[in-house]
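Using the sequences provided together with the hints, build the complete structure.
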Amino acid sequence: MTVLAVSNLSKRYRRGGKPFAAVDDVSFEIGPAETLAVAGPSGSGKSTIARLVLRLLEPDAGRIQFEGADLLILSGAALRARRARLQMVFQDPLAAFNPRSTVARALDDPLRIHGIASRSERPRRIAALLERVGLDAGLAARAIHEISGGQRQRVAIARAIATRPSLIVLDEAVSALDVSVRGQILDLLLDLQRQERIAYLFISHDLGVIRALAHRIVLLEAGRVAESGDARTVIASPQSAVGKALVAATPRLNRIKTP
Amino acid sequence: MKRLHRFFQTPEAIAGALILALLVAIALAAPLLFPGDPQAIAGPALLPPLQNWSLPLGTDRLGRDVLAELFHGARTSLAVGLAAAAAALLVGAVVGTLAGFAGGLIDEVLMRITDAFQTVPSFLLALAFVSIVGPSLGVVIAAIALGAWTGPARVARAEVLSIRERDYVAGARVIGMHPLEIAFREVLPNALPPVLALSSVIVAAAILTEAALSFLGLGDPNRVTWGGMIAEGRTVLRTAPLLSIVPGIALVLTVLGVYLAGEGVVESTAVRRSLS
Amino acid sequence: MTALLSIRDLTVRYRREGVEVTALKGISLDVEAGERLAIIGESGSGKSTLALAVAGLLAEAAEVGGSIEWQKPRSSHSVTASHFQPLGGRDIGFVFQDPSFSLDPVMPVGKQIAEVARTHLNLTWREAYAKAKTLLGRVRLPDSEAALRAYPHQLSGGQKQRVAIAAAIAAAPKLLIADEATSALDTIVQAEIVSLIRGLVNEDGLTLAFISHDIALAATLAERIAVLRHGELVELGDTDQILNAPRHAYTRMLLDAHLGLDAKPLLDRQGASA
Numbered sequence: 006m007t008v009l010a011v012s013n014l015s016k017r018y019r020r021g022g023k024p025f026a027a028v029d030d031v032s033f034e035i036g037p038a039e040t041l042a043v044a045g046p047s048g049s050g051k052s053t054i055a056r057l058v059l060r061l062l063e064p065d066a067g068r069i070q071f072e073g074a075d076l077l078i079l080s081g082a083a084l085r086a087r088r089a090r091l092q093m094v095f096q097d098p099l100a101a102f103n104p105r106s107t108v109a110r111a112l113d114d115p116l117r118i119h120g121i122a123s124r125s126e127r128p129r130r131i132a133a134l135l136e137r138v139g140l141d142a143g144l145a146a147r148a149i150h151e152i153s154g155g156q157r158q159r160v161a162i163a164r165a166i167a168t169r170p171s172l173i174v175l176d177e178a179v180s181a182l183d184v185s186v187r188g189q190i191l192d193l194l195l196d197l198q199r200q201e202r203i204a205y206l207f208i209s210h211d212l213g214v215i216r217a218l219a220h221r222i223v224l225l226e227a228g229r230v231a232e233s234g235d236a237r238t239v240i241a242s243p244q245s246a247v248g249k250a251l252v253a254a255t256p257r258l259n260r261i262k263t264p
Numbered sequence: 140m141k142r143l144h145r146f147f148q149t150p151e152a153i154a155g156a157l158i159l160a161l162l163v164a165i166a167l168a169a170p171l172l173f174p175g176d177p178q179a180i181a182g183p184a185l186l187p188p189l190q191n192w193s194l195p196l197g198t199d200r201l202g203r204d205v206l207a208e209l210f211h212g213a214r215t216s217l218a219v220g221l222a223a224a225a226a227a228l229l230v231g232a233v234v235g236t237l238a239g240f241a242g243g244l245i246d247e248v249l250m251r252i253t254d255a256f257q258t259v260p261s262f263l264l265a266l267a268f269v270s271i272v273g274p275s276l277g278v279v280i281a282a283i284a285l286g287a288w289t290g291p292a293r294v295a296r297a298e299v300l301s302i303r304e305r306d307y308v309a310g311a312r313v314i315g316m317h318p319l320e321i322a323f324r325e326v327l328p329n330a331l332p333p334v335l336a337l338s339s340v341i342v343a344a345a346i347l348t349e350a351a352l353s354f355l356g357l358g359d360p361n362r363v364t365w366g367g368m369i370a371e372g373r374t375v376l377r378t379a380p381l382l383s384i385v386p387g388i389a390l391v392l393t394v395l396g397v398y399l400a401g402e403g404v405v406e407s408t409a410v411r412r413s414l415s
Numbered sequence: 303m304t305a306l307l308s309i310r311d312l313t314v315r316y317r318r319e320g321v322e323v324t325a326l327k328g329i330s331l332d333v334e335a336g337e338r339l340a341i342i343g344e345s346g347s348g349k350s351t352l353a354l355a356v357a358g359l360l361a362e363a364a365e366v367g368g369s370i371e372w373q374k375p376r377s378s379h380s381v382t383a384s385h386f387q388p389l390g391g392r393d394i395g396f397v398f399q400d401p402s403f404s405l406d407p408v409m410p411v412g413k414q415i416a417e418v419a420r421t422h423l424n425l426t427w428r429e430a431y432a433k434a435k436t437l438l439g440r441v442r443l444p445d446s447e448a449a450l451r452a453y454p455h456q457l458s459g460g461q462k463q464r465v466a467i468a469a470a471i472a473a474a475p476k477l478l479i480a481d482e483a484t485s486a487l488d489t490i491v492q493a494e495i496v497s498l499i500r501g502l503v504n505e506d507g508l509t510l511a512f513i514s515h516d517i518a519l520a521a522t523l524a525e526r527i528a529v530l531r532h533g534e535l536v537e538l539g540d541t542d543q544i545l546n547a548p549r550h551a552y553t554r555m556l557l558d559a560h561l562g563l564d565a566k567p568l569l570d571r572q573g574a575s576a
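Residue numbers (our numbering), protein chains in the order written: chain X, 6 to 264; chain E, 140 to 415; chain S, 303 to 576.
Keep in mind that the hints are not guaranteed to be accurate.
[To be verified] Label pairs and their calculated CB-CB ranges: (1) L221/E <-> L61/X: 37 to 45 Å; (2) G21/X <-> R549/S: 47 to 55 Å; (3) K566/S <-> K249/X: 20 to 28 Å; (4) D564/S <-> L61/X: 34 to 42 Å; (5) Q257/E <-> E201/X: 51 to 59 Å; (6) T304/S <-> L61/X: 16 to 24 Å; (7) G368/S <-> V163/E: 50 to 58 Å; (8) G328/S <-> P37/X: 53 to 61 Å; (9) S185/X <-> T426/S: 29 to 37 Å; (10) I271/E <-> S80/X: 39 to 47 Å; (11) E447/S <-> S242/X: 38 to 46 Å; (12) I252/E <-> R19/X: 25 to 33 Å; (13) P328/E <-> P444/S: 45 to 53 Å; (14) L221/E <-> G21/X: 47 to 55 Å.
Everything labelled a hint here was simulated from the structure, so no lab data went into it. It should be emphasised that the depicted structure is a prediction, and the values quoted were computed from it without experimental measurement. Backbone N, C-alpha and C define an ideal beta-carbon position, used for all residues, glycine too.
Below you can see the structure in the form of structure tokens.
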């Protein structure tokens, strides 16, 4: 049983007149309630993969099976309906919302578009979503730019789970947060995964965060898979050059161990 | 309130706002102060100003009350100027948003149409349109808008091109929003500020175009217009020059007022933007 | 050790949208000549305001209280005033988070570096360009001859930051301030830039103020760490002491929140598995 199966995915761009492969023959699978991390240096194709999986970009080759059906043959209304099950949380929670939006409107949109609740019922659903992500329901009336960065990212998560997805793509979703907030957001993500059995495609450059959260990892270099496997095993003893470089470059706290 | 406060910080903006307020007051007061048809004969022809206190600005060639004509003319100038500018901004914003958001063939087609309109001088376009369809208030408004929507369309398209790459637009797609809703509800409102900044110039130009059309006899014949008054006065320019000069001054003041107030608004919002 | 600068009771306030914000509250801190000092904190801690205040780059509208006193330079510049006023660019090099903002997009990077050297070191253009070429070599840009003529958009993020560092040290300043200089870069490039800064600081005997949100990264570079929170200095100490015997609960929280490669995975703590 897999939620997402990506096979032989490729995407080429032209840069300065020369074609170059942003994503080159990449394959991976994610099961229910599983977290797959996609890591690599900048320019390795992580974010392109996120956008391909979400059909924000069209691949040049390859297949994307989502919940057992071909995602790439869908278009128009059928694709929009399918999006309810496949959601995303962005890196910068401020940029991810319409600057004129309020919290209530940001959460109302998915409920309205997918006909999940009637107009009269939606305020109650919005309050429940806010409480689900650990926010006060009274926050609904506030403008997006008035709340803190951590609250904003919680609203983004609430928006993503509003349509009960089976997979959420987290594109550097905790990289812009303060460390004191980051831990709480990671806890929330783990809790949601356990309760709702949501799978995560976790795009990140931070091996420390990946090791804390992910079950498996795919390491990319220049658009190709350099190495993949159990997250902790790969990070503990990377085999590829890029894996070794990433592990070596991750800053360590040289604290004297106290029992 | 804060924005209003900032608006009133430059003397130009205050002057513009005062002129506009006076003009609006005049336009609103016209039917109260001068009920009845301003084009009706009110006294002897060519009565000079300040001779008869019931006709302070005198009468024109046909014995019509110049002050009443001036007041009612303000209504026409303002109505046509604002309506034409609103139509131009609306059409321009919609065309620009569609072109910028859709891209590809739709963008090409819409922008080539925009080019076509932009290469024809807008006054000739208005002239031709009114000559063919016939002069009435609605036609004059449409004719002026026809030549004025291309600027807003280009500005809107440029703004939309940058906004559509932002994360929140991708986010709207991810939650399954319809492309038209994304274009008009998510993107267009955020692309409006620079488009609206054009409005003072467009309103001023529309008022002048309306006057020019009326001067050439292509205005609505059932309404008093300043352009028409200037044209009327032209035949007696040597003996009664004020008949042309008075509506001319009204026209200049109006355009100046619109322009200054518009710049004031742009200035005050620009300060707000740079602060945030 | 002598203090390069002494910050006493520094308070910075500014108004934003009519609301008064206190960015720094009574900071007192000595920066020793030749030391590597890290200033760490989360968003809103005032760490960047402190960096800008030291560099004299605060916006004019900011209300500044307290003092920043510099040690008088031993040599050259004929300073008659009791307080030596440092000059940005000549005495202080500043590296910002995003090099795209500090580099001129329509000027070759060689010229941008040469301009700094020419202005502050009274060199001819020819000498300044020779200096720029040496500097580009020192920041380890692969082909310094070609890099001289490159425009910023032709370089990667890491290469741009190397150019920004070259420009910052072009006039041989005493103090190098790096404000989140590696935050926009990926882990591998970040490690390279940190090692580059470490090398340059050692070779030139520079004093370094390294501003960062990342305590682990700061600890790899700094001898002393200052921890800021809500505009206040909550703790200042040697890196070893801060890491192993933090006195303030906030410092401890920052350390515990760090997710290193040896931390216990959250997955286990929650008892979840798939």
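* Asked: So which of those numbered hints doesn't the model satisfy?
  -> Those not satisfied are hints 6, 9.
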